[in-house]
Amino acid sequence: MKKTMIAGAMGALFALGAGNALAAAPDWSKVEAANITIFYPGASPMEWIMKGTEHGGARALKKGETCADCHSEETADMGPRMATGQKIEPTPIAGKAAFIPVKVQAAHDGENLYMRFSWKQPAASGAPAPAKDDANPVKIAFMLESGGKVEMADQSGCWATCHTDSRTMPGAAETKTKYVKGGSLADGKFFDLYQWRSGENKAYNGYIAEERVMEGGDALVSAEGKQEGGEWSVVFTRKLAGGQGDVSLESGKSYNFGFAIHDDSSAGRFHHVSLGYKLGLDAEGDVKAAKQ
Amino acid sequence: MSDRNDDNLKQEDSGGLLARLRRPSRKSLGGLLSVGFIVGVLFWGGFNTAMEATNTEKFCISCHEMYDNVYQEYKETIHYTNRTGVRAVCSDCHVPKDWTHKMIRKIQASREVWGKITGTIDTREKFEAKRLELARREWKRMKASDSRECRNCHSLESMNTESQKQRARKQHEMAIEDNMTCIDCHKGIAHHKPEGMTEEDEE
Chain C
628 MKKTMIAGAM GALFALGAGN ALAAAPDWSK VEAANITIFY PGASPMEWIM KGTEHGGARA
688 LKKGETCADC HSEETADMGP RMATGQKIEP TPIAGKAAFI PVKVQAAHDG ENLYMRFSWK
748 QPAASGAPAP AKDDANPVKI AFMLESGGKV EMADQSGCWA TCHTDSRTMP GAAETKTKYV
808 KGGSLADGKF FDLYQWRSGE NKAYNGYIAE ERVMEGGDAL VSAEGKQEGG EWSVVFTRKL
868 AGGQGDVSLE SGKSYNFGFA IHDDSSAGRF HHVSLGYKLG LDAEGDVKAA KQ
Chain D
26 MSDRNDDNLK QEDSGGLLAR LRRPSRKSLG GLLSVGFIVG VLFWGGFNTA MEATNTEKFC
86 ISCHEMYDNV YQEYKETIHY TNRTGVRAVC SDCHVPKDWT HKMIRKIQAS REVWGKITGT
146 IDTREKFEAK RLELARREWK RMKASDSREC RNCHSLESMN TESQKQRARK QHEMAIEDNM
206 TCIDCHKGIA HHKPEGMTEE DEE
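Protein chains in written order, with our numbering: chain C, 628 to 919; chain D, 26 to 228.
Fair warning: there could be bad hints in the mix.
[What the hints assert, rightly or not] Below 27 angstroms or equal to it, Euclidean Cα-Cα: the simulated DSS-like pairs (lysine-lysine) are:
{"id": "1", "chain 1": "D", "residue 1": "K168", "chain 2": "C", "residue 2": "K678"}
{"id": "2", "chain 1": "D", "residue 1": "K190", "chain 2": "C", "residue 2": "K689"}
{"id": "3", "chain 1": "C", "residue 1": "K866", "chain 2": "C", "residue 2": "K880"}
{"id": "4", "chain 1": "D", "residue 1": "K195", "chain 2": "C", "residue 2": "K905"}
{"id": "5", "chain 1": "D", "residue 1": "K195", "chain 2": "C", "residue 2": "K915"}
Keep in mind that the hints were calculated from the coordinates and are not lab data.
Okay, chain D solo, but in the shape it has when bound (with noise of 0.2 angstroms):
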């Protein structure tokens, strides 16, 4: 009888927990909602957060390879100080904004771990040896976006030529002509440029 009962009970209780999954009080489904909701913010803005803080400044030079060498140079260049006081970081220039570019990049970036843990560029020597190659990479890149990221802040569209020097005004009036891009001709304006450049890197 007892035995009976207790398998009765049992029935009972499987037969009840799987009728309540399968038909959720409106209490448990919000809490599931809720639950998932919060799971997802924090996830999201943890994961939002991290990757922008991948995108500073101080992220950047945090390592020696950068530090000692493109940072300082870029500290000579009106991208880091200037009359008017906006500065362009790294991330402005070398990470799209938009998120689907930026994930593209920041994966492709997962590279540069690798070349960090290797030790690839890792004294100046070493960096110097690869710097051109590094620099047609970016050059290329930026080439294929249509030098998207210098185009966050600039515009031949909104260039005012006549208020330019007579040689800005020149080219820039040429690069209209022309169809060009900014990269085209402003390569080294935020760091030196590297030794053994040819006429290819220029067209």
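Bound conformation, chain C alone (with noise of 0.2 angstroms):
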């Protein structure tokens, strides 16, 4: 009688979690998706980005304008300029794929936020980067933050936590990591961040803060990604509600949301990043991701 209760139990949680998983999976063509266009940015951390001398948009920042208001539009036109090593990149890599659109769809189930990235496998550069990853040909990475705490991330998204003394910049101690200035957990400074490797095949749920940590977010389920004919589609599952170093997500809420992609075995800067973009849960944002 024991065992049936136990048994039967058991199957009722298995069933719940057949239940979830089944659930858990929105029909992606009827999910609305936003076109992002990622690009290579060469060396160009927040202290350039805000060195008026250099960069002449630091004025509008300064301004309080975003990136996205004044680049949006030119993403592709911006990657060349520095893949080619015309602009701020010292070590250019031949044949670098300038720039990789991708399709961004989010949903969520009022328990789960699932995102989606899909995008065309570029063609291969032929060089090798700077620094390499050789395990994984492709990473991809996305990262949130709430309520603007992190300074900048309201206008420029993740690119709050890319400075010029962080590895793989010229110049940089390879044991320093990306971090954010005041970076800390308990004032809830900091980027939540999820990557996905393919070769590894691996998730991992960190964050920004003082430095980047990898692993030990509680919000990440899975994430799954394959690459059928060029196309690669890689699909992230996470629960709203997060413990430390994860956002929590409500309904009804706007989030800084950015992403990227290191394409070709590369590590470190030498990746493809999107501009600072908000994720709208049911709210207005650049991705949204409404209740299915």
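These two chains come separately, so use the hints to put the complex back together.
Structure follows, in structure tokens:
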């Protein structure tokens, strides 16, 4: 009797889990996609971005404009300038893809947030990146921030984590990771970080505060990536609720959002990045996650 | 007798010349005016022609200091070549169009002749070493005149920001709001920016 009850309870739990798993798969063909072109940024840390003698937009940022206000329509024109070494790239990679158009879809079901990224695999550069990750030909990461507590997060998205002394920047120490100014989990000054790696076929849930921490987050449920006919698609599933180092998500609110792809077995700064955007849960945003 | 006659003649002569000068005939007055007019035209025309000759690109780049440095950089820019075929030469940006300001600028430019004679920028190294100082002087002049030379061709009022690219549109809309002047942002539009610029140079 006892065994039957346990088996029954387990069966019920299993069925519930299977039910959840079924509910967890939005029909992506019905979810609106935001087309965001990410681009090769060269060596353009925040310190460069905010320097008026180098970047004419520094003045606009100081006035409160966002990166996207000026650049959202021209990322595909910006990428080639850095990828070819014409601008702010001291070590250009021959044949490096200059930009990648990505479709970003999001949905939630009151319990989980689902994010789907899909893009066409760009041609390989044929030259090694100065910083390489041979184990993972492709990695995709996205970051979330809540409330603009991190300085510049509202305006520049995850660029706020990118600094001139972070590893792989020219002359920077290999030991220093990304970080945010005055980063503190206790004060909510952090970016919540999710990454999927193709070689390891593994997902990471960390955060960036005083430094980058790749693991330890509670929100990530799963991340699945696949490549079919040269098309990549990666789906992240995370709980709306989160623990320490996770941004807890609520319906009706918008969050700072940015993402990056490490293509061609590259590492560190040799990635393609998005400008800072907003993810809205049943709310306004460049990427909207509506309840399914 | 003859002496007296001679004296009389002299007196008549001198009296006549003085009298004629005091009361010039219409012919001599006309002649004088005509000569004066012609000399004036020749002088004025010659002066202006000579001054205009110093306003040509050919004149500016006849000095290797200009030809080797700033001219080569300018040739890479939209002010040298563009889809419409309109070109702004050195003087279009660096010399005022109206006569008064042009004269003031030309007098100031005499200092550049001294610089040429003493060779203050006669090598690439000397030019680069002095470049920031020279650029700052020109930026100050442009700022003080509210970018008058830029505005001979451009104005925010006649700009259709709608047909501009997103970034230019945003920046020009902010420039209108903040009552800015062209050179506030457009430093280095026709030449490379100097090394060593500070944040103050961008304000």
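Holds or violated: K195/D and K915/C, Cα atoms, limit 27 angstroms.
25 angstroms, holds
Between K190/D and K689/C, is the straight-line Cα distance small enough, at 27 angstroms or below?
Since the Cα atoms of K190/D and K689/C sit roughly 21 angstroms apart, the hinted pair holds (cutoff 27 angstroms).
So if I understand the rule, the pair passes when the alpha-carbon distance is 27 angstroms or less; does K195/D with K905/C pass?
Since the Cα atoms of K195/D and K905/C sit roughly 20 angstroms apart, the hinted pair holds (cutoff 27 angstroms).
Hint consistency between K168/D and K678/C [alpha-carbon to alpha-carbon, up to 27 angstroms]:
21 angstroms, holds
Starting from K866/C, check that the Cα of K880/C is at most 27 angstroms away, please.
15 angstroms, holds
In this structure, every one of the numbered hints holds.
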